[in-house]
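Chemist: Spelled out, the chains give:
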Amino acid sequence: MARRDTQSWNEPTRQAIDARLSVPREPRFFTVEEWDCADALCQLIIPGVIDPPLVALLDAALHDGDGHGTRTQTVPYRREAWRQGVNALDSCARGSHGKPFAQLGKDDQSALLETIQRGEPTAGQWGAMEPQDFFKRCVLGDIPALFYSLPQAWNEIGFGGPASPRGYVRLELGHRDPWEAAEVGPDGDSDTVERKNRHVV
Amino acid sequence: MWSDALNAPRARDGKAPDVLHQGGWVEMREYRDTEEVDFVIVGTGAGGGTLAARLAEQGFSVVAMDAGGWFRPIEEFASDETAQEMIYWNDHRVTDGANPLTMGGNNSGKAIGGSTVHYAMVALRFRPEWFKSRTLLGYGADWPIDWREMWHWYAEAERQLSIAGPLSYPWGPKRGRYPFRAHELNGAAKLLAEGAQKTGIEWTETPLATLSAPYRDANGTSPPCVYRGFCRFGCSTNAKRSSLTVFIPRALAAGAEVRDLAMVGKIETGPDGRATGVHYHRDGEWRFQKAKNVIVAGYAVETPRLLLNSANDRFPDGLANSSGLVGKNLMTQSNSAVWGRMDTPVRSYKGPPSLAISEHWNYDDNNDFHGGYLWLGQGPMPIEWAGVLTGAKGLWGDALREEMRDYNHMVGVKMVGETLPNEANRVTLADDVDQYGLKVARITFSYGDNDKAMIDHALQQMRASIDAVDASDIFDQPDDNCHLGGTIRMGDDPTTSVVNADGRSWDIPNLWVCDGSLFPTVGGVNPSLTIYALALRMADRIGEMSKRGELYRCRM
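Protein chains in written order, with the UniProt record's numbering: chain A, 1 to 201; chain W, 1 to 556.
If we strip away everything but chain A, and leave its shape as in the complex, we get (with noise of 0.2 Å):
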């Protein structure tokens, strides 16, 4: 975020990335048990990101639009398709465990997720859909780009991040512009690449 007010973000980055950091932290889409039970797959597939949420993410984009607007045989449109896959989730905990998604254990959480991801059978109620196309198409496909569209997961896998107007002038293979992050191995050691990188904006 230090270089949200350099030449490398423009103003409708700052824009977009403002309203994302800033995204009403209650649901409005989902219900509050379905909240929960989204919060807790959120945390399965993206571990320790607290602000802001995912589900809060998830949950605006649901709000806001029908997100990627195709459905196959298998999983309807994205509301609809969130909407049966959370409700099935809690139908699956409480079929093998006797209380919904979010009150398992993370070990419990998990082994259920990977069944669903091995295409095995689950105890919920899936209806039409098809789980293990819901958790390919819905959990992979949209948790984890919530998270990567935030400025911390760009700061964390050293993406240089929004340039525009300023751009980047040195493209040549293992070359750093000012602007972006240096690393540890290729830029120095620890030390050095820390002070470099307290003046990278």
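No wet-lab data here; the hints were simulated from the structure.
Careful: at least some of the hints might be erroneous.
[Unchecked claim] Within a straight-line C-alpha distance of at most 27 Å, the following computed BS3-like cross-link-like pairs (lysine-lysine) qualify:
#, chain 1, residue 1, chain 2, residue 2
1, W, Lys292, A, Lys136
2, W, Lys266, W, Lys439
3, W, Lys439, W, Lys110
4, A, Lys106, W, Lys393
5, W, Lys393, W, Lys452
6, W, Lys110, W, Lys292
7, W, Lys290, W, Lys439
8, W, Lys547, W, Lys290
9, W, Lys452, A, Lys136
[As the list claims (entries may be wrong)] Beta-carbon label-pair distances, calculated as ranges:
#, chain 1, residue 1, chain 2, residue 2, range
10, W, Gly284, A, Glu156, 41 to 47 Å
11, A, Asp64, W, Gly437, 54 to 60 Å
12, W, Arg341, A, Asp18, 30 to 36 Å
[What the hints assert, rightly or not] Partner residues aside, some chain W positions facing chain A, computed with beta carbon under 8 Å:
#, residue
13, Ser79
14, Glu81
15, Thr82
16, Asn90
17, Ile201
18, Thr204
19, Thr344
20, Tyr349
21, Pro382
22, Gly397
23, Arg401
In this text the structure is predicted, and so the values were computed from the model without any measurement.
All residues carry an ideal CB built from backbone N, CA and C; glycine is no exception.
Take the given structure of chain A and dock chain W to it, following the hints.
Modeler: Just chain W now, kept in the frame of chain A:
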């Protein structure tokens, strides 16, 4: 704010957005709905935008409509994958078949300028033999146009779009110099070149529709590319040469009217079976624009959808469909990739994603499959890269988070592969209706054995190339698709094609099509330059026909 572009039409009251100047407006001629214009054009991408300019420049009265908004790139485009979703066609659609196609940013746009607002700008010519692939190569269907004629229009398109390309192109017949010099290579492109050299195949700088030097004409100025890398999410500096920045300004200057947020739902026909105009939705109501000719340029899904949705008592199977081929022979291009990790940071997000190319396998006929493919350097943005890891490896949790940390070190090459026409792959109408109350498209697609054999071959060759630069942790991304084609095949015979070489319907002589749906075969190159070239040719042909009095009630 770009959302204003979707709230209400911007082109009205005699003026339209001037995307080449901040806050600018240009005068726009307007036509009444009751005025029978020479041409109404549906869609403003590489086909429709180009035609709007070239027809208006010849003196025809033109109204071009697009369902999308009229965005101002230099003021409204964010450097952000999510925020820019508004330029894709994300309305409801149904996909099925054994390999349901991924629809969205890779193959559909919804904006003035169409998909060219977010294309990767790769500007390639077909291999000459592909225009007669049935006769010369034994597969697909022949095009009704000779390659030498296309060569002329390719050169014209390259000139008008100021394509930046290499001094000499390694494959195919000689062509002239590209108008602008090639761009500098980024790390990913250098590695593609190194991989090609080490495996003994040719490579070159990719001809691209983005400026490598400043450009100025009567409509305004565009700066050279600054290598910010978000090309496929809309160019925020106007270095990209697209229908939006090149042909729409020309269309307006020549007196065409361009209507944004105008969704065409039905083409009307009269008692004589001719098209009489289009029903379109704008400003919250359905209206009817009278026209002497209707040109549909909505690409391989929306074009057949409109013709099918326009069915009436006289044409119960949809317009222009006496052959039964409207919507059939849908093709995509396979878009599989191979990725690996370099010790040196590659930072492939810098610059246009595909600065280097190898078309080697488009020009080799000694394979056990038909058709060809190329591969291009890659520069995925963070969300796209997460999509590769979840899609190809099924990663999530800490495993995903960890592998994402190698983002800056990854290098990849991705194919654009020809798939063969097959009537079972098609666009039909589903029962679902969209926000306009219109039946949505059902898109049915399955790869054939030939397509699969080609993908296998390409994965093996791309792996060798990535391996040759000493990448580690190499993995395949086998499932992806990109551009579309087919569905309104052009040809010489009314029983085996929907339109003739001029894009003119065999059944309804004042109904035309001009977009990628015309392609009898898609070839192994990105299609946009071929669509531009077809549109330039078609505008020229229409001018000729008009002079000879061969147009319906329309003579210059």
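Chemist: For a quick check of understanding: which of the numbered hints are violated here, in increasing order?
Modeler: 1, 11, 17 and 18
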